[in-house]
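Hey, can you work out the whole structure from these sequences and the hints?
2 protein chains.
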Amino acid sequence: MNEQDNEKNIRHAERMQRKKAVVDEKIAAAQIERGVLLVNTGNGKGKSSAAFGVVARALGHGMQVGVVQFIKGRSDTGEEAFFRRQPGVVWHVMGEGFTWDTQDRARDVAAAEAAWEQARTLLRDPAIGLVVLDELNIALKYRYLEVAAVVADLLARPAHQHVIVTGRAAPPELVEAADTVTDMGLVKHAFAAGVRAMPGLEF
Amino acid sequence: MNEQDNEKNIRHAERMQRKKAVVDEKIAAAQIERGVLLVNTGNGKGKSSAAFGVVARALGHGMQVGVVQFIKGRSDTGEEAFFRRQPGVVWHVMGEGFTWDTQDRARDVAAAEAAWEQARTLLRDPAIGLVVLDELNIALKYRYLEVAAVVADLLARPAHQHVIVTGRAAPPELVEAADTVTDMGLVKHAFAAGVRAMPGLEF
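Just so you know, the sequences run in chain order Z and R.
The working numbering puts the first residue of the first sequence at 1, with every later residue one more than the last.
The working numbering puts the first residue of the second sequence at 1, with every later residue one more than the last.
There could be a bad hint or two in this list.
For lysine-lysine, the following PhoX-like pairs were computed, each having C-alpha atoms within a straight-line distance of at most 25 Å [claimed, not checked]:
{"id": "1", "chain 1": "Z", "residue 1": "K26", "chain 2": "R", "residue 2": "K72"}
{"id": "2", "chain 1": "Z", "residue 1": "K8", "chain 2": "Z", "residue 2": "K19"}
{"id": "3", "chain 1": "Z", "residue 1": "K19", "chain 2": "R", "residue 2": "K72"}
{"id": "4", "chain 1": "R", "residue 1": "K188", "chain 2": "Z", "residue 2": "K19"}
{"id": "5", "chain 1": "R", "residue 1": "K20", "chain 2": "Z", "residue 2": "K188"}
{"id": "6", "chain 1": "Z", "residue 1": "K20", "chain 2": "R", "residue 2": "K141"}
{"id": "7", "chain 1": "R", "residue 1": "K188", "chain 2": "Z", "residue 2": "K26"}
{"id": "8", "chain 1": "Z", "residue 1": "K20", "chain 2": "Z", "residue 2": "K8"}
{"id": "9", "chain 1": "R", "residue 1": "K26", "chain 2": "Z", "residue 2": "K72"}
{"id": "10", "chain 1": "R", "residue 1": "K20", "chain 2": "R", "residue 2": "K8"}
{"id": "11", "chain 1": "R", "residue 1": "K141", "chain 2": "Z", "residue 2": "K188"}
{"id": "12", "chain 1": "Z", "residue 1": "K188", "chain 2": "R", "residue 2": "K19"}
{"id": "13", "chain 1": "R", "residue 1": "K72", "chain 2": "Z", "residue 2": "K8"}
{"id": "14", "chain 1": "Z", "residue 1": "K8", "chain 2": "R", "residue 2": "K141"}
{"id": "15", "chain 1": "R", "residue 1": "K26", "chain 2": "Z", "residue 2": "K188"}
{"id": "16", "chain 1": "Z", "residue 1": "K26", "chain 2": "R", "residue 2": "K141"}
{"id": "17", "chain 1": "R", "residue 1": "K20", "chain 2": "Z", "residue 2": "K141"}
Honestly, the hints are just simulated from the structure, not real lab data.
Since the model is a prediction, treat every value here as computed from it, not as a measurement.
Structure follows, in structure tokens:
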């Protein structure tokens, strides 16, 4: 190793030592153990897929997982095919397509209410370690469900249950109630460059 | 149904019809089929979990998936336990912890270079439909790997292979080369409120 490389390594080690001290201190300060309410919102890609990644993570720890999809965009999704065959997962799909496909508000409201009943069953079951409420924000945005009632049910869940809510335009009341909120920002998307939704990547 | 509800439904149907026309037109315009290079970056939660959600999605479509983790934060992750037992997945973990744990630049560079060799093997194999390069951005940020060489290898992959790169601080050259880029923005995080990293949710 020449002298320049050696100096680089020493500076790197010092920098990393300072960083490690900061990280260790933060970890020591965070010791509460409880269920977390997570919201994935924003206009970019990754809101639902991040929730499904956490489903895999939870299953890897032997947890039981419940998923309710509030808006069914299509019937041939890879995530549904994959997770339905995994032990430890219950998977409900409600709704009949994006709301611009049905164009029938009364039917959408009835579907959303039925889906919320499924969600409430999961949210009352302490054996379920993780509940994913996929595209719930869309049902809230169109006021198919009342946000105050939804937040009350979320906050009344078992103390160690995690919940992930996905969808654009999360309402402020839900963001306020959540522990962790990520805004998935669209920097660019292949779709805008003419690439169609690809199986295995987009659905 | 009273008259007010009826009017609400009619307005909703008209609004959704206009929306459907716009969506249908966009879908008709996007007909290219090819592999997509996706980058998940930003300071918020969801970069790696979104990639793992797409792994589940791809497996649901019967695709073969390869994962290389460039930074190993811990040895007990749920995603690794879960996906290692799935057929159709190869899973490599390189590196020996976050870079602030090793504090040894020369060792980190050697580990990153070995991981990149694993990645290149996947990036040359047309049987692999999806390659996940988890935390590659960290290896690029610390210049353990040369970004120009990495981008060249990414662009030389089989035409129908998808790649997802994750990690904070994606370099501009990679963002430029990518098709779809999401910036996972931190709105808030339970960790800052004193909640420790919970198994099944954070790892």
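Consistency of the hints with the structure:
Only pairs whose Cα atoms come within 25 Å are accepted, and Z:K26 paired with R:K72 is accepted, the gap being roughly 19 Å. For the given pair, Z:K8 sits about 16 Å from Z:K19 by alpha-carbon distance, which is consistent with the 25 Å threshold. At most 25 Å may separate the alpha-carbon atoms for a hinted pair to count; Z:K19 and R:K72 meet this at roughly 17 Å. Taking the CA atoms of R:K188 and Z:K19, the gap is near 21 Å; set against the 25 Å cutoff, the hint holds.
A C-alpha spacing of about 22 Å is found between R:K20 and Z:K188, which places the hinted pair at or below 25 Å, so the restraint holds. A C-alpha spacing of about 17 Å is found between Z:K20 and R:K141, which places the hinted pair at or below 25 Å, so the restraint holds. Our distance criterion of 25 Å between C-alpha atoms is met by R:K188 and Z:K26, whose separation comes to about 15 Å. Note on Z:K20 and Z:K8: the hinted pairing holds, with a Cα-Cα distance of about 18 Å set against a maximum of 25 Å.
A C-alpha spacing of about 19 Å is found between R:K26 and Z:K72, which places the hinted pair at or below 25 Å, so the restraint holds. The straight-line distance between the Cα atoms of R:K20 and R:K8 is roughly 18 Å, inside the 25 Å bound, and the hint therefore holds. A hinted pair counts as satisfied when its Cα atoms are at most 25 Å apart, and R:K141 with Z:K188 qualifies at roughly 21 Å. Under the criterion of a C-alpha separation no larger than 25 Å, the hint pairing Z:K188 with R:K19 is consistent with the structure, at around 22 Å.
Taken as a hint, the R:K72 and Z:K8 pair is honoured in the structure, with Cα atoms around 23 Å apart against an allowance of 25 Å. A C-alpha spacing of about 15 Å is found between Z:K8 and R:K141, which places the hinted pair at or below 25 Å, so the restraint holds. For the suggested pair R:K26 and Z:K188, the alpha carbons sit about 15 Å apart, so the restraint of at most 25 Å is met. The straight-line distance between the Cα atoms of Z:K26 and R:K141 is roughly 22 Å, inside the 25 Å bound, and the hint therefore holds.
Straight-line distance between C-alpha atoms of R:K20 and Z:K141 comes to about 17 Å, which keeps the hinted pair within the 25 Å bound.
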